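Each chain is listed here by its residues.
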Amino acid sequence: MMQQEEDRTPRVALVGNPNSGKSTVFNLLTGLRQQTGNFPGVTVEIKKGRMRFPSGKEATLIDFPGTYSLYPTSSDEKLVAAVMCDPQNPFFPDALIYIADVTHLERHLLLLTQLLDLHLPVILALNMSDTALEMGIKVNTAKLIERLGIPVISISGRKEDNIQKLLSEVEKTLKNPIRTAENVFFYKLSDGEKQIADAVRHNLGIDNPYRALLLVHHRDWLPFLQPQQREILGTIAETKDFQSLRAQVDETLDRFDRFVPIVRDAIQQPPVFPSTATDRIDAVLTHRWWGPFIFVAVMLLIFQAIFDWSGYPMDAIENGFGILSDGVQSTLGEGWFTELLTDGILAGLSGILVFVPQIALLFLLIAILEEVGYMARVVFMFDKTMRRFGMNGRSVISLISGSACAVPAIMSSRTIGNWQERLITVMVTPFISCSARIPVYLVLIGLAVPAVKVAGILSAQTLVFGSMYALGVVAALLSGWAMKKWLRTREPSFLAIELPEYRMPHWKNVWLSVWEKVVAFVSGAGKIILVVSIVLWALSRYGPGDSIALATEQAHTEAIAMRLDSNQTEDFVQQRRLEASFAGKMGKSFEPLIRPLGYDWKIGIALLTSFAAREVFTGTLAVLYNMGSEEGDINNRDENEAKATLRSKMKTETFSDTGKPVYSLATAMSLLVFYALAMQCFSTLAVVRRETGGWKWAALQFFAMSLLAYFGAWAVYEIFS
Amino acid sequence: MQRRYRTIPDLKINESACTISISDAALACKLTAMGVLPGTRIEMVRTSPFGNAYYIKVDGVRIALREEEAASILLEI
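If you're matching them up, the sequences are chains A and B in order. Note that my numbering has the first sequence beginning at 71, numbered continuously upward. Note that my numbering has the second sequence beginning at 10, numbered continuously upward.
Simulated from the structure, these hints should not be mistaken for lab results. None of the values given here were measured: they were computed from a predicted structure. Each statement offered as a hint is correct.
With a straight-line Cα cutoff of 25 Å, these simulated DSS-like cross-link-like pairs (lysine-lysine) come out:
| id | chain 1 | residue 1 | chain 2 | residue 2 |
| --- | --- | --- | --- | --- |
| 1 | A | K454 | B | K66 |
| 2 | B | K21 | A | K454 |
| 3 | A | K127 | A | K235 |
| 4 | A | K208 | B | K66 |
Distance ranges between label pairs, derived from CB positions:
| id | chain 1 | residue 1 | chain 2 | residue 2 | range |
| --- | --- | --- | --- | --- | --- |
| 5 | A | Q265 | B | N23 | 46 to 54 Å |
| 6 | A | L315 | B | I29 | 14 to 22 Å |
| 7 | B | N23 | A | W585 | 41 to 49 Å |
| 8 | B | S25 | A | R358 | 16 to 24 Å |
| 9 | B | G60 | A | A774 | 26 to 34 Å |
| 10 | A | P157 | B | N23 | 46 to 54 Å |
| 11 | B | G60 | A | Q234 | 44 to 52 Å |
| 12 | B | G60 | A | E216 | 43 to 51 Å |
| 13 | B | S25 | A | S537 | 44 to 52 Å |
| 14 | A | P331 | B | I29 | 16 to 24 Å |
| 15 | A | Q234 | B | S25 | 40 to 48 Å |
| 16 | A | L777 | B | S25 | 49 to 57 Å |
Glycine included, every Cβ here is placed at the ideal spot set by N, Cα and C.
Please build the complete structure, drawing on both the sequences and the hints.
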């Protein structure tokens, strides 16, 4: 069934070089009708969308990562070669739209000529025609059509020019694909390459000689090859003494020699590149001194903005859920089902959605920086610094994104070509304090750090808060350094990155990027938080055998003996019930292990539950410190009031055996360090598993981070107590 | 023996020179695909703040290269 459905909707591929404006065209053609799916065999996600033709018919548009050629250097670039070489691939296109920047056409056609030699039906879209017009570049499309033998259309993604024309051209091509004639090739294979192609055709039945050649080039990693096929290709390469890299360079140069004259012939006024605004801006933004200084200032501004602006929508979401929860309670009355709805599901949903404003805002600002072209400069400036810690300039983007949510941040590491550098980036990104840690930090700091000024200016609380972020960054860099010492691969690593012209952000791209990241958070992290919230509710409501009933009875008797009023009695009973529940038993058995860090069994439960998702911590403590009856759940009361209540409850907690207060400065600091360093996010582990292709690295990350957190917290507890 | 070529690190700021070839095969693959071809003129714009990376211009395209990458591009004297 699925297969048939796939067959009915034609597939169109969108390909082109990086910085060709490809994603703008993709967003224009598909709008919000986009989805990402996993690509089989390679751990790369692929973006698909629906495009509608003027006739009303539809096609699936597949956005391929930008690449310069079919000889890839990073895993997202590999995707293009892997699909184009494999007609059986579920993403193999029925037609291709090739996006080229017409203002730099001389260097944008390499990949096109490679695709043409695979005899794929391609439409060439000359993007940025509006800029070309401004620069006085005149393009003779008729000549390009004639010389390349394919449809050519001038478009502008930003001005949305000629998009309808492009659509109808695509539809025409789908109906009647124009392929290069079977015996026509852009690149003439050398004699040695011809022999190789012949051998591949003979052995594997691959008729297209260029595809045969690519198979030999990429025999080690193409995901669709059988081990036996790999062996055959390897033998062919060996017997013909095939030098892959040498051949790639020769082919590339030959292709340039052939298409550059065609471009020069078709472009009537070859572009001159005067000193532009970009040069003047870069003179400051990438300046020896000003560059790093401005970067730090930009980062500080971003975080300031997040803390200043995201508070209001967060309060609104919490209040909204509070009202909803109260409404459910009053309409349904008391009972386990109401509790499941309010304390389990609604509390969980609120715990997810409350992070959305912050994550959206941070990714909005990152997307703007990326759209204007600043991020490429950051990569350039910090490449050396990051390499010292086993990473790549491109890792900076992942680490910055990690301060919102590690899930999309880890996915953004795909542009890093070198496997080791990418792996290290994936492994250390979760050390960066993400938005889920913020509420934990706020509660603990408010509890234990006095609101005094240090040196007369800085508040001590802000200082501790800032140092938690610094701790994350230092831990990330140092573990990167350690991993670099430990792993030693000799795989080549590249910086070689294009620094695009600065331009105003294209808002559609920005919004869609934010949307994509938020969806990644809600569907990735969100689902798990919801499940944990429900499981937690069940664990704390039910206990083994009739332990809960017994505890309730006993508590009532004791309450009468202690002459508690009705509210106090209710609190007391709830506390006892919790102690008798599964969660209580788990926390108690856990206590000896965490006692050296200064934690009691209640913190133990909170730690245990937040191993799945750390944002559960405050919610768990709210439940454990028995805020159910009087004060309301932390999630459905005015935030500050609820936190203050939680804080006052926490302050009066004492260890049952020694009678000393639980929340001393030492315990709070120890908890802070624990939360800053520990890997407490199932969703991140799931993404790490996917991106590294197995549980091995995810497991290592989990154990290494947890051990570091444990001993770090221990050390801090010892220092402060 | 006198070298018969220069590389990007030898260039002064704002100086430019034509490429002869690229010495490292893997890098040659990547750089030629980006349009750094023999015979194109490379202009040195600046070095990165912490050193070890170069900001160059090739036919109006701005590219950032690492020290090793920049040193593998052989330039005319």
